[in-house]
Each structure stands twice: as structure tokens, then as C-alpha cells.
Amino acid sequence: MTALVIAEHDNTHLKGATLNTVAAAVACGGDVHVLVAGHNAAAVASSAAQIVGVSKVLHADANHLADGLAENLAAQVLSIAANYSHILFPATASGKNVAPRVAALLDVAQFTDVTKVIAVDTFERPIYAGNAIATVQSAEAIKVMTVRTTGFDPASASGGNAAVESLAAVADSGQSTFVGREVTKNDRPELTAAKIIVSGGRAMGSSDKFNEVLIPLADKLGAALGASRAAVDAGYAPNDWQVGQTGKIVAPQLYVACGISGAIQHLAGMKDSKVIVAINKDPEAPIFSVADYGLEADLFVAVPELVAAL
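For the sequence shown, numbering that gives the first Met the number 0 gives the first residue as 0, with consecutive numbering after it.
Since the hints were made in silico from the structure, they are not lab data.
Every residue gets a Cβ at the ideal spot worked out from N, C-alpha and C, and that includes glycine.
Be aware that a few hints might be false.
SDA-like cross-link-like pairs, simulated, lysine to any residue; straight-line CA separation at most 25 Å [to be verified]:
no., residue 1, residue 2
1, K184, A92
2, K95, G179
3, K14, G158
4, K14, Y292
5, K247, E181
6, K280, A233
7, K95, V119
8, K247, Y292
Computed spacing ranges between beta-carbons, pair by pair [what the hints assert, rightly or not]:
no., residue 1, residue 2, range
9, R180, G234, 22 to 28 Å
10, D297, Y127, 30 to 36 Å
11, K219, E189, 15 to 21 Å
Using the sequences and the accompanying hints, generate a full structural model.
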């Protein structure tokens, strides 16, 4: 029994989500192989070989694999899928783009957002915005799954010594073409990888207040900035800062929620944070039910005082 992890990378660096996915693969038992499909991504393959728990790295190199197009990456996975009992993708935008195609072409069910491996054929996944946990069992010969990275501690990125094996690249499917990519430039940590996140909600009142109050705190803590859906919809923060069921799922060491009521959709995206601090003047706010530390106060007074104390 062998599991295959599909590495997420930018052809230069291995992304952190891959480490959490390897941890899930290790929990499935048996050997763990990692597929690095890209172009001029030898450095990524080398990094993958150092992950503890990985026994082999398969490196497929071709120009049409450079941008992770779902059609080509899925074809690459399918070319070796018969050798594996489990195929695991990070539950990221990229993983969710490719995994359903692989599962459909293999004619098997897909397990989405797996948060725990109970046995080789039994897994847990959240449903109803995380308010219930479903235990699912599969009789499929090949189990295709996306792994919610917040559910698994990352495997160690160094200390392993896996063999790197070249893999023949599949032909370009010709079904899609990469046109361009617009990447938001940000000096702060990437939201899903940040160890500390400062988030604001609708109570911030305006974009100016959002920046005026929260940026100094984030600067002091070296934190990423997040926002509730209500704050994003109101135009206080950009869409890529949104945390929640319809935004990004995060699990930092520290999550500071300022003026966030704690709607179910938001809690689904951050309740796995190690320490949650809530600042809200409403004593009945649902956010206090999941907070490790709650401060019932006006955030426009409390946050500047906190910044001054830091």
C-alpha cells in the first residue's frame, strides 16, 4: 500500500501545504511518494526529498506542466495512479481544481477536506460549515482525497533522504492554455501560512478605520491581516483577506478577532487556531464561545492600548 502526494509549488519553492498533506499520507500507512510536476523544478524535487516520511519523489518536467493546468496535471497523475492506494492533494485552490478531475476519470468517489485519518479506508471530514463531523468509509481501490491542511501538523521539511526519480511527462492535452497570472504583492505573511493573524469585522466601520486600527497591531505582531466576509463585502478589506467558509481556512498559532461577531461561516475558517483572542463590545457575540481569551471592550479603544502596551 502506497500513497501519492501531489506537491504544490511555484517551480522554485515547495509550498507549506504539501508538508501537511504528507503528514496525512503518512497516517494512511505504507510508503509515501511525492509527485513534483513542473518545469525546471529540480529544486522543488530536492526539497520534497528532504521531507521526513517520504520514500520516493517522482519528478516530471515539461513546459506544459509549469503552470499547474488541471488538464495536464491530472493526466500526469493518471499515468501512474494505478500504482497507488491513496492519492492526496492539499485542499487549496490548486488541489481542488485537479482532484475532482482525477477522481472522475478514475471513476471513484472523492473525499473532500479530510481532517483525520482513522484507518486506511476511513476518514473524517467537516460538514455543515464544520458544525458536524462526518466519518466516511471507502471501498474504492484508489482513494482520492483533498486534505484540509489545518487538520494535520506539517511533516518536518528536513531530515528525510528520499530518492528522486525522473518520470516521463505526459503529452500536452491541448485543452487549455495558460494566459497570465496577477499576483497580489504583500510584505506580510501569506494568510494561510501565517503564524499570527489579526482580523477585523463589520464593526471596523470603514476601510480607513480598518487600516488605522489594525495595521499597527499587525505590524507589532508581525501578523497577516484577515477579515470577515461582512468586512470584505462592505469594502473594508480586499477579497483575498477573507477568512471563513467562503474564504480561506486558517489555523495560526494566534488569531486576534477584532469586532467580529463570530458567524458560523467565519468560525468554520478559523476555529482550529491554537489560541483565539476576541475583542468585541457585545457580550453575547458568538465569537466568545470559541475564544481562549475574550475582551469585552470597544475595539477602537482597546486595540490602540494593546499596541501601546506591546
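Checked hints:
no.	hint	verdict
1	K184 with A92	18 Å, holds
2	K95 with G179	20 Å, holds
3	K14 with G158	17 Å, holds
4	K14 with Y292	31 Å, violated
5	K247 with E181	18 Å, holds
6	K280 with A233	20 Å, holds
7	K95 with V119	22 Å, holds
8	K247 with Y292	23 Å, holds
9	R180 with G234: 22 to 28 Å	25 Å, holds
10	D297 with Y127: 30 to 36 Å	33 Å, holds
11	K219 with E189: 15 to 21 Å	19 Å, holds
Going through the hint list in order, the structure does not satisfy hint 4, though it satisfies all others.
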